[in-house]
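Protein chains: 2
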Amino acid sequence: MPVYQAPVADTLFVLNDLLRIARYDNLPGFSDASADVVEAILGEGGKFASEVFHPLNQIGDREGCKRAEDGSVATPQGFKAAYDQFREAGWGGLSADPAYGGQGLPHVLAASVNEFMSSANMAFAMYPGLTRGAIAAIQQHGSPEQKEAYLPRMIEGSWTGTMNLTEPHCGTDLGLLRTRATPQADGSYRISGQKIFISAGEHDLSDNIIHLVLARIDGAPEGTKGISLFIVPKFLPDDAGEAGGRNGVSCGAIEEKMGIHGNATCVMNYDEATGYLIGEAHKGLRAMFTMMNEARLGVGIQGLAISEIAYQNAVTYAKDRLQGRALSGPKARDKAADPLIVHPDIRRMLMTMRAVNEAGRALVLYTALKGDLSHLAEDEAARQAADDWMGLLTPVIKGVLTDKGFENAVMAQQVYGGHGYIAEWGMEQFVRDARIAQIYEGANGIQALDLVGRKLGLNGGRAIQAFFAEVGKFAEENRSDEALAPYTKGIKKGLNDLQQATMWLMQNAMAKPDHAGAASNDYMHLFGLVALGYMWGLSVKAAQEKLAAGDGDEAFLKAKLVTGKFFMERLMPETAAHLARISSGADSMMALDAEAF
Amino acid sequence: MPVYQAPVADTLFVLNDLLRIARYDNLPGFSDASADVVEAILGEGGKFASEVFHPLNQIGDREGCKRAEDGSVATPQGFKAAYDQFREAGWGGLSADPAYGGQGLPHVLAASVNEFMSSANMAFAMYPGLTRGAIAAIQQHGSPEQKEAYLPRMIEGSWTGTMNLTEPHCGTDLGLLRTRATPQADGSYRISGQKIFISAGEHDLSDNIIHLVLARIDGAPEGTKGISLFIVPKFLPDDAGEAGGRNGVSCGAIEEKMGIHGNATCVMNYDEATGYLIGEAHKGLRAMFTMMNEARLGVGIQGLAISEIAYQNAVTYAKDRLQGRALSGPKARDKAADPLIVHPDIRRMLMTMRAVNEAGRALVLYTALKGDLSHLAEDEAARQAADDWMGLLTPVIKGVLTDKGFENAVMAQQVYGGHGYIAEWGMEQFVRDARIAQIYEGANGIQALDLVGRKLGLNGGRAIQAFFAEVGKFAEENRSDEALAPYTKGIKKGLNDLQQATMWLMQNAMAKPDHAGAASNDYMHLFGLVALGYMWGLSVKAAQEKLAAGDGDEAFLKAKLVTGKFFMERLMPETAAHLARISSGADSMMALDAEAF
Numbered sequence: 014m015p016v017y018q019a020p021v022a023d024t025l026f027v028l029n030d031l032l033r034i035a036r037y038d039n040l041p042g043f044s045d046a047s048a049d050v051v052e053a054i055l056g057e058g059g060k061f062a063s064e065v066f067h068p069l070n071q072i073g074d075r076e077g078c079k080r081a082e083d084g085s086v087a088t089p090q091g092f093k094a095a096y097d098q099f100r101e102a103g104w105g106g107l108s109a110d111p112a113y114g115g116q117g118l119p120h121v122l123a124a125s126v127n128e129f130m131s132s133a134n135m136a137f138a139m140y141p142g143l144t145r146g147a148i149a150a151i152q153q154h155g156s157p158e159q160k161e162a163y164l165p166r167m168i169e170g171s172w173t174g175t176m177n178l179t180e181p182h183c184g185t186d187l188g189l190l191r192t193r194a195t196p197q198a199d200g201s202y203r204i205s206g207q208k209i210f211i212s213a214g215e216h217d218l219s220d221n222i223i224h225l226v227l228a229r230i231d232g233a234p235e236g237t238k239g240i241s242l243f244i245v246p247k248f249l250p251d252d253a254g255e256a257g258g259r260n261g262v263s264c265g266a267i268e269e270k271m272g273i274h275g276n277a278t279c280v281m282n283y284d285e286a287t288g289y290l291i292g293e294a295h296k297g298l299r300a301m302f303t304m305m306n307e308a309r310l311g312v313g314i315q316g317l318a319i320s321e322i323a324y325q326n327a328v329t330y331a332k333d334r335l336q337g338r339a340l341s342g343p344k345a346r347d348k349a350a351d352p353l354i355v356h357p358d359i360r361r362m363l364m365t366m367r368a369v370n371e372a373g374r375a376l377v378l379y380t381a382l383k384g385d386l387s388h389l390a391e392d393e394a395a396r397q398a399a400d401d402w403m404g405l406l407t408p409v410i411k412g413v414l415t416d417k418g419f420e421n422a423v424m425a426q427q428v429y430g431g432h433g434y435i436a437e438w439g440m441e442q443f444v445r446d447a448r449i450a451q452i453y454e455g456a457n458g459i460q461a462l463d464l465v466g467r468k469l470g471l472n473g474g475r476a477i478q479a480f481f482a483e484v485g486k487f488a489e490e491n492r493s494d495e496a497l498a499p500y501t502k503g504i505k506k507g508l509n510d511l512q513q514a515t516m517w518l519m520q521n522a523m524a525k526p527d528h529a530g531a532a533s534n535d536y537m538h539l540f541g542l543v544a545l546g547y548m549w550g551l552s553v554k555a556a557q558e559k560l561a562a563g564d565g566d567e568a569f570l571k572a573k574l575v576t577g578k579f580f581m582e583r584l585m586p587e588t589a590a591h592l593a594r595i596s597s598g599a600d601s602m603m604a605l606d607a608e609a610f
Numbered sequence: 014m015p016v017y018q019a020p021v022a023d024t025l026f027v028l029n030d031l032l033r034i035a036r037y038d039n040l041p042g043f044s045d046a047s048a049d050v051v052e053a054i055l056g057e058g059g060k061f062a063s064e065v066f067h068p069l070n071q072i073g074d075r076e077g078c079k080r081a082e083d084g085s086v087a088t089p090q091g092f093k094a095a096y097d098q099f100r101e102a103g104w105g106g107l108s109a110d111p112a113y114g115g116q117g118l119p120h121v122l123a124a125s126v127n128e129f130m131s132s133a134n135m136a137f138a139m140y141p142g143l144t145r146g147a148i149a150a151i152q153q154h155g156s157p158e159q160k161e162a163y164l165p166r167m168i169e170g171s172w173t174g175t176m177n178l179t180e181p182h183c184g185t186d187l188g189l190l191r192t193r194a195t196p197q198a199d200g201s202y203r204i205s206g207q208k209i210f211i212s213a214g215e216h217d218l219s220d221n222i223i224h225l226v227l228a229r230i231d232g233a234p235e236g237t238k239g240i241s242l243f244i245v246p247k248f249l250p251d252d253a254g255e256a257g258g259r260n261g262v263s264c265g266a267i268e269e270k271m272g273i274h275g276n277a278t279c280v281m282n283y284d285e286a287t288g289y290l291i292g293e294a295h296k297g298l299r300a301m302f303t304m305m306n307e308a309r310l311g312v313g314i315q316g317l318a319i320s321e322i323a324y325q326n327a328v329t330y331a332k333d334r335l336q337g338r339a340l341s342g343p344k345a346r347d348k349a350a351d352p353l354i355v356h357p358d359i360r361r362m363l364m365t366m367r368a369v370n371e372a373g374r375a376l377v378l379y380t381a382l383k384g385d386l387s388h389l390a391e392d393e394a395a396r397q398a399a400d401d402w403m404g405l406l407t408p409v410i411k412g413v414l415t416d417k418g419f420e421n422a423v424m425a426q427q428v429y430g431g432h433g434y435i436a437e438w439g440m441e442q443f444v445r446d447a448r449i450a451q452i453y454e455g456a457n458g459i460q461a462l463d464l465v466g467r468k469l470g471l472n473g474g475r476a477i478q479a480f481f482a483e484v485g486k487f488a489e490e491n492r493s494d495e496a497l498a499p500y501t502k503g504i505k506k507g508l509n510d511l512q513q514a515t516m517w518l519m520q521n522a523m524a525k526p527d528h529a530g531a532a533s534n535d536y537m538h539l540f541g542l543v544a545l546g547y548m549w550g551l552s553v554k555a556a557q558e559k560l561a562a563g564d565g566d567e568a569f570l571k572a573k574l575v576t577g578k579f580f581m582e583r584l585m586p587e588t589a590a591h592l593a594r595i596s597s598g599a600d601s602m603m604a605l606d607a608e609a610f
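Just so you know, the sequences run in chain order A and B. Using my numbering, you'd call the opening residue of the first sequence number 14 and step up by one each time. Using my numbering, you'd call the opening residue of the second sequence number 14 and step up by one each time.
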């Protein structure tokens, strides 16, 4: 069975030494997040993930969710009891609004705990994960009455949430959606239609399920400008606010999937279900994007999370399994063979995963902190800058960390040789689970288009210019520091490639939009490498300062310097290949007629 | 359900126009392979693959193989009847020795048919695939009596074969193996021990199963120098040569795997089973390598095969599925949305798969032809040169085409969005099936080490020098041809990077072998890109000549020019990144103590 231990020390390094969150202790939430409290929460969260979520991970995969004839869905054995523990411990409300029963801690802290839970059991962590997205949408777009009616129970965890976007004929292209909403005299709507791929659509973990559903009000404009968002509870709240009468929504089937079997992915049928408009009519996409952005960051975290647990198990196996002798001469002379970890190609895989995971964690938390600051920072300019970073980096984190997460799960599986292909070792489950993260909440190609087609040009390129300035400044300020030079050199080279690619897009994509589409995937990954490289720069600088001060775990800090160097040598060279591909344009890609395929 | 149509036209282009196999019509086997015969065999083979193998692919995945309490194994519904058809049609003996009932056709032709069968149903195609490996070992190392006893029935297909190498504690490191062989008075041996991961180890398709088993004769030297190869039939041949008494070998369990569920992957228990030494005592590894090389090329073909069928289905979906509008303006104005294929990022994925598949097919067949010539060519120098190419390219084909095959299956799945993750569409099965090809017959890290640590230096580097000379000559001879220049430029650049990487290894790996290990994976992929790029050079040149002569399907030939250009623009740039990684050496990779992980 796979092992898992939450990377608490590395998370504390990022929060305390790289982000120095103590700086913000004058802000709401942060004032409650003293170093002691943060350490205690991460320790407890990690323990909960290892001890409660993780033991159910393989069971969940094997058993899957089962739909009964009446449309009810049973989660795998043990899920309900574990969810009760999760709810009772209050993990769901960590960063939620205290006005509705949340603990009001910073999102950056909740993001860490989310990583741990997703590593331990991704399919399970999705139940509260989707609830968080629904909470965010109601918090931001709901009326005071709606907030009062739904938020306390969702934050407390006795009610869960879902997102309903996809229909059989439309996923990415929501303009095509057909689910309709008919206004009723009492101000509510009757919702009818079919939604597919609804994660946590129906299950037995909570007393009620609050569906957020995109639908078209009768007579609304066609396309995306006629879509509204509705709250459709499984049980309509009664006068006391408790789950009351059954609403006309039901699970028609559970999808048979490649992975995340512990999560019920449902076909949801809406048959004149009662729904309540949330936010403005016809502006549902805007409200949905609140959930989507929250969810996209969460999916990026899933990529990191699977990569982390896959890495931990690959390390364990590489230390345990004896096979062959080191190229440099036997290492474990007392044994029949050396452990796998002596072999360079095994090291290549372990170091690659490690270099991505540690920088990925830094990037996620750096960005989650910006999320906090976008609301809390004291001056408007700081709030705007933080919001710009969030908007720019969200597609990068979603697209790049899930692509890397999958690649790393595959790499970790490879370390196991034949045993990696066998179900009982658990490595192939990580591969199957990780795969979905590249697809849902906007397939990664859509993330790349969001970055290139939308985020780059927003507000005259303000966000990307700020990013260039920040990374460039770091490289410039530290390049004469001999100890940092090997790192700043790599960052600078990557940044140059990214700037050149951006310039190429500016000069070419306006005249021929296909050039932007043809470049988008490479551009996103080039961007990701520069962002991760920058995180390595910040990490190494923080580690060097602590080493110079004789403060902290020396082996841990020195490993940062080595791993950062590995990143610059082994991952950063890819930026030039991305630039070359981007600059080749769309011509050969688009030249063939569809019939030629 | 997925579709499949064998790429007969492309295969004919490779055989007739690129390889020009008609040149060899004076050689045995080739003399029977006239253009008509080749076309008929490919047509029939493709039809058989589509109509008989393919309809069982999803069934096999869903049902898997089942072991009964008595150790017998049932294959999925329909497999037995399909195997009977396969056997009766004589597909198993296509290139086998006519002296034992084979048709004696060139291996290059059998390799094509093997691709089709593996695309249609990889798990099924493995049953005859492993038999071919066993046939090769017996043919090359068996005594005349052994050949007589086993080959006719194996070639005919009524008996099948297996390879038994792996034990629970040893896979790559065969020196550790413990299965023992005790000599008997009659010259036979008693074989005892346990083997795992034995593909097609037990099943109901054939009347007998001939296991080729590595074991250590009592008192043999330790390590790999004390390993011998044995024939261990499930049923001992009786006096009439028919399957007689049951031997002491049985299936202890079927592994629960990520994919290839249609193939029975068995734990095999040998309990004083009767075995017959094949080849010399203690030289079993050499004999086993005959099977391994055959098998490694076959596994490379599996990578190509899955990539091809995944590509075909991605194309179908991309043409059918309507979603979004082209960046360059609506294309299907009469419909609610444009088909996916208008989107550059979808094209990027389709073109990448296509560019790899077509060059991969050319490389496989180019190499399979060398396999034929290594036996059949009239002068010794030509045989040796062909054998050198085979040895050098086998690890490249195995490692690179299976890595690319998996990546392409993942890419094809991505084209489907959420539907790609759902079992019924069949795309996720391709991903799960393709994954094993990177692991078995020597994990790809072992292929890379074989290339860098063994094949490069063999005979003073004769094979690699010949490869450099051949590719360099092509680039040089054609660089002044304006129509070919865009291609030769890419090939030349890639070749330069490969030569530099080779030089770096020569200068650094001797003093520090870890540098070779650290470089090996990148070197193998760099090599693969140059080899595939060279195939594109040859393909484009052949296509241009045919176009100039007004001979052949113009759209098909022009598509070659476009796809080759895409390869140079989008895949070849990776060679520089590989070189940069290789030149960074092993230091940061190996710097951390095992305890730091």
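No lab work stands behind these hints: they were computed from the structure. Keep in mind the model is a prediction, meaning the values are calculated, not measured. Hints may contain errors.
When chains are identical, the list treats them as one kind, so a pair holds in a single copy or across two.
Unchecked claim - Below, a list of computed lysine-lysine pairs in the PhoX-like style, where the Cα atoms sit at most 25 Å apart:
id: 1; residue 1: 332; residue 2: 525
id: 2; residue 1: 348; residue 2: 160
id: 3; residue 1: 486; residue 2: 348
id: 4; residue 1: 486; residue 2: 93
id: 5; residue 1: 525; residue 2: 344
id: 6; residue 1: 525; residue 2: 571
id: 7; residue 1: 505; residue 2: 571
id: 8; residue 1: 93; residue 2: 525
id: 9; residue 1: 559; residue 2: 348
id: 10; residue 1: 344; residue 2: 238
id: 11; residue 1: 506; residue 2: 571
id: 12; residue 1: 506; residue 2: 296
id: 13; residue 1: 160; residue 2: 60
id: 14; residue 1: 525; residue 2: 348
id: 15; residue 1: 238; residue 2: 348
id: 16; residue 1: 348; residue 2: 505
id: 17; residue 1: 505; residue 2: 486
id: 18; residue 1: 332; residue 2: 60
Okay, the hints, checked on the actual structure:
no.	hint	result
1	332 with 525	between (53 Å within a copy, 22 Å between copies)
2	348 with 160	neither (64 Å within a copy, 41 Å between copies)
3	486 with 348	neither (52 Å within a copy, 50 Å between copies)
4	486 with 93	neither (50 Å within a copy, 68 Å between copies)
5	525 with 344	between (58 Å within a copy, 15 Å between copies)
6	525 with 571	between (48 Å within a copy, 24 Å between copies)
7	505 with 571	within (23 Å within a copy, 42 Å between copies)
8	93 with 525	neither (53 Å within a copy, 56 Å between copies)
9	559 with 348	neither (39 Å within a copy, 62 Å between copies)
10	344 with 238	between (66 Å within a copy, 21 Å between copies)
11	506 with 571	within (24 Å within a copy, 38 Å between copies)
12	506 with 296	neither (43 Å within a copy, 53 Å between copies)
13	160 with 60	neither (32 Å within a copy, 62 Å between copies)
14	525 with 348	between (63 Å within a copy, 23 Å between copies)
15	238 with 348	between (69 Å within a copy, 19 Å between copies)
16	348 with 505	neither (46 Å within a copy, 47 Å between copies)
17	505 with 486	within (10 Å within a copy, 38 Å between copies)
18	332 with 60	within (24 Å within a copy, 49 Å between copies)
This entry does not satisfy hints 2, 3, 4, 8, 9, 12, 13, 16, going by the numbered hints stated previously.
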